[in-house]
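Full structure from sequences and hints, please.
Residue numbers (this note's numbering), protein chains in the order written: chain D, 1 to 309; chain U, 1001 to 1394.
The reader is advised that the hints may include incorrect statements.
To be verified - A few chain D residues that face chain U, going by a derived Cβ cut-off under 7 Å, partial list only: (1) F65; (2) S82; (3) G257; (4) A271.
These are computed hints drawn from the structure, not numbers from a lab. All values reported here derive from a predicted model rather than from experimental measurement. Backbone N, C-alpha and C fix where the C-beta goes; we use that ideal spot for every residue, glycine too.
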Amino acid sequence: MVPSNGATIWRGRRDPASPRSWRRILGENGVQKWAFYIPVVFMTVFLALPMALTVVWSVFERTQFWMQPGFTLFAYETFFTSARAENYLFSMIHAAIAVVISFALGFPVAVFVRRRVATALQHRVVLLFILPFMISELVRVFALRPILGRNGVINSVLMDIGVISDPIMIILFSPVGVVIGDVVSFLPFMVFAGFLAMEAVQPYVFEVCEDLGARTVRAFRDVIVPLAAPGIFAGGVFIFVNSVGGALVPTLLGGPGAVNAGLIVNQAIVAIDFPLAMAISAIMMATLMLLLYLGHRLFDLTKVLQPIS
Amino acid sequence: MNQFEFTRRLFLQSAASVATAAGISGISGVALAQANELKIWANPGVHKVGAKDWSAMESQGGISIAATAKSARADESIQKMVVGDGNRLFDAITDNGGGMEDALASQKAIVPLDTSKIPNWKNILPTYNEGGPAADTIRYKGDVYATPMISNADSMAYDYKTLGFHPDSWGVMFDSQFKGRVALQNDFGPTLTNMAIYLQQSGKIEIADASNMKPNEVKAVCQFLIDYKKKGQFRTFWDGFQNGVGLLASGEVLMSSCWEPIQIIANRKTGDKADIRYGTMKEGHQTWNNMIMLTKGGRQRGRDALYYKLANVYLSPWFGARTLAGLGFGPQMQGVDAYIKANPKDFSASTQTRVLDILKRKNDRYAIKGNAWQNVFPTHLRAYQDWWARLQAA
Chain D
1 MVPSNGATIW RGRRDPASPR SWRRILGENG VQKWAFYIPV VFMTVFLALP
51 MALTVVWSVF ERTQFWMQPG FTLFAYETFF TSARAENYLF SMIHAAIAVV
101 ISFALGFPVA VFVRRRVATA LQHRVVLLFI LPFMISELVR VFALRPILGR
151 NGVINSVLMD IGVISDPIMI ILFSPVGVVI GDVVSFLPFM VFAGFLAMEA
201 VQPYVFEVCE DLGARTVRAF RDVIVPLAAP GIFAGGVFIF VNSVGGALVP
251 TLLGGPGAVN AGLIVNQAIV AIDFPLAMAI SAIMMATLML LLYLGHRLFD
301 LTKVLQPIS
Chain U
1001 MNQFEFTRRL FLQSAASVAT AAGISGISGV ALAQANELKI WANPGVHKVG
1051 AKDWSAMESQ GGISIAATAK SARADESIQK MVVGDGNRLF DAITDNGGGM
1101 EDALASQKAI VPLDTSKIPN WKNILPTYNE GGPAADTIRY KGDVYATPMI
1151 SNADSMAYDY KTLGFHPDSW GVMFDSQFKG RVALQNDFGP TLTNMAIYLQ
1201 QSGKIEIADA SNMKPNEVKA VCQFLIDYKK KGQFRTFWDG FQNGVGLLAS
1251 GEVLMSSCWE PIQIIANRKT GDKADIRYGT MKEGHQTWNN MIMLTKGGRQ
1301 RGRDALYYKL ANVYLSPWFG ARTLAGLGFG PQMQGVDAYI KANPKDFSAS
1351 TQTRVLDILK RKNDRYAIKG NAWQNVFPTH LRAYQDWWAR LQAA
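As C-alpha cells, this is what we get:
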C-alpha cells in the first residue's frame, strides 16, 4: 500500500526504510540527540575511570609483583620523603622555563603572521609549523645531539670563527639541553595557540593603539597579551604537560640521570612498584588540575572556546 | 536428467568435493603446522642468529617458531607471566637478566626441565654444572628451570686512540683528568653492581655481596657516585642501545660502562676517527646470562619436545659461534673455537681472528675473581630505587 506522500505503509506502520523514517531516526530527536552522549561515554570510560582507578590503586598495598586491595599512604610517603619529589619539582621548573621561552619565541611569530601576512596566506604560513610534527619526535630530538654536542655544529662553528676556544658543554646533557629540547619539540603549540588567540584581537585594536600613541612594546604588553591571554595559557599548558610527562627529551638530552615526572613513573613501574607509580600519576593529575584552576581564575578559560565575533 | 542438469550437478558435486578436500587438507595442514609450532616470546635482535627472521633457527631445530618480540624490561616479563596472559600466549619465554627464573619459578609460571632430552646439554659450559659459579642462575630449589643462550661480563668501553692506554680499572672513570668525559648506564642494576664491585675490590667500601647489597651498602655506593656527579665527572647516563653507541661514536665521552655490542657497533661507526675497545677490569664485572624457559602453559599444551629441540639449538656450537661473531655475546657451550676453525666457509680468516679475540677477552673477564652476577630483584630493591632517585636529583 502506498499512501499519497509516497511512504510505504508496512503492516500498519510506516516502512522503516522510507526517507521520512530515516529522517526521524537520524533527526534531532533520534541519533543526533544521543550522539552528544557518545563523547561523554568515551570520556567516562577512557579518562574519568582510569583517573579514578589511578587514585584508588595508589593507596593499595604493594606485593612482590603486583598490588592488593587495602589502604596505605606509603606510596605517597615514599614519594615525598625521597628525592623523587625534588626531581618532580625540578622537572616542573624546567617545564615552566620551556613555556616562557616558547612564549617569547612563538607568540611574536603568531602576532606577526596575523598582522603582516595577507589574510589569505595566514593559515598556510601557520600550517608550515606542522611540518616538524611530520617527523618522529625521536628523530627530531636525536638530531639535536650533533648540533649541540661537544663536536657539534654550534661548537664547531664558534670555535672555527674564534669566538670560543673550548666547546660549550652546558647546552647538551644538562638542564639547559632539556629546556632547548622542549622548546624545539613543543614550540609549534605556542604558535598555533597564539595564532588562534589572536583572532580575539581585531585589527582595529592595533590602529587604536597607534592612534593613542602606544609604542609597540607597550601595546604588546598592555593590550595584545591580555586579550590573547586565555589562548596563550592553553598553549602553555600543552607545552608544560608534554615537558613534564614526556620521557624522550630528558633521556636523550639530559645530564647524568636526568628525569622528569614521566620518567619517575616509568622507573617505579620498572621496579614493579605499581602503587608508587599510581601515586606519582595521581600527583601529576592533581598538579595539572590545580594549574587549570589557577589559569581559569586568572584568564577565564571559557573565553578560549567562545565564538570569535 | 538432461545434459544441462547433469553438467550442473556434476559441477556442484565436483566443486564441493574439491572444496571439502581442500578444507580437510588445509585444516590438517594448519593443525600439523600448529602441532609443530612453538610460540615463543623473545628478543628478536639478540635471541636468533643465521637469518633476518627465525627461519635458520627453525631449520636447525626442525620446528616451526611463532615468535613475538619482547623488550628487555624484566618488569614487563614478570607482569605478563605472573599476573597477565603470558602462559596462555607463549610456550617458551626468554628472560631479561639474572634472578628472573627464580621469580617466575616461585610463582609457578615456568616449569622444571628434563635436561636428558637436550642432547647438547652435555656440552654446556662447566660453570653451569651443580656447584659451579653459574649453577644457581638456571636452577630454582635445585631443579633446572632454564637453558642458557648467551652471557657476558659487562665492562667499560673506551677510546684507545685518545686515551693512549688500556684502562684496567673502573677507577679510571673517576680520574679528574677525564672530568665530563665519562658515561654510565642509566640503570641502577648494572651501574650500582659494577660500582659496588669496584669499591669492594679496591677496599674503599666494605660490601658483602655486590649482587645483593644491604641498604647501608647501597647508600655508600650512591653517595660515592653523588660526590663525583657533583664534581661534574659524568657527562651523562645513557639509556638505550643507540644512545650508548652515539655517545662513544661521536666522541662525546671517552669511556662508558656499557654492553659489549655497544662497543662493537660504536667502533664500526667511528672508522679511523677513534679506536673504541672493551676493557677487562681487574676488580671484576657484572656477569649475566639470558635463558629460555618452558612456560606452565607450554607444558599443559604438550610443547615440551619442541622446547627441547629449540634448547638444543641454543646449546649448539652453530648458535654459539654466530652469536659470538654477531653481537659478541658469550656462547654457552664448549667447543665453539673448534667449530669456528672447522668452518672457514662461514667464518673467514679475518673473522676467525676477530671472533676468537673477542672470546679470549671474554674468558679473561669471566676469570676475574671479583665478578658478581646480575640480580634484577635484590632483597632491598626499595633501597636501590630510593638511592638511585637521590643520585638522579644530585
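Worksheet entry | Hinted contact D:G257 with chain U - closest CB pair below 7 Å | 4 Å, holds
Practice prompt. Would you settle whether the hint for D:F65 is holds or violated, based on the nearest Cβ-Cβ distance to chain U being less than 7 Å?
Written response: 5 Å, holds
Practice prompt. Against chain U, run the beta carbon of D:A271 and see if the smallest gap drops under 7 Å.
Written response: 5 Å, holds
Item to complete: Would you check whether D:S82 satisfies its interface hint, that is, whether its CB is within less than 7 Å of any CB in chain U?
Response: 5 Å, holds
When held up to the earlier numbered hints, the structure conflicts with none and fits them all.
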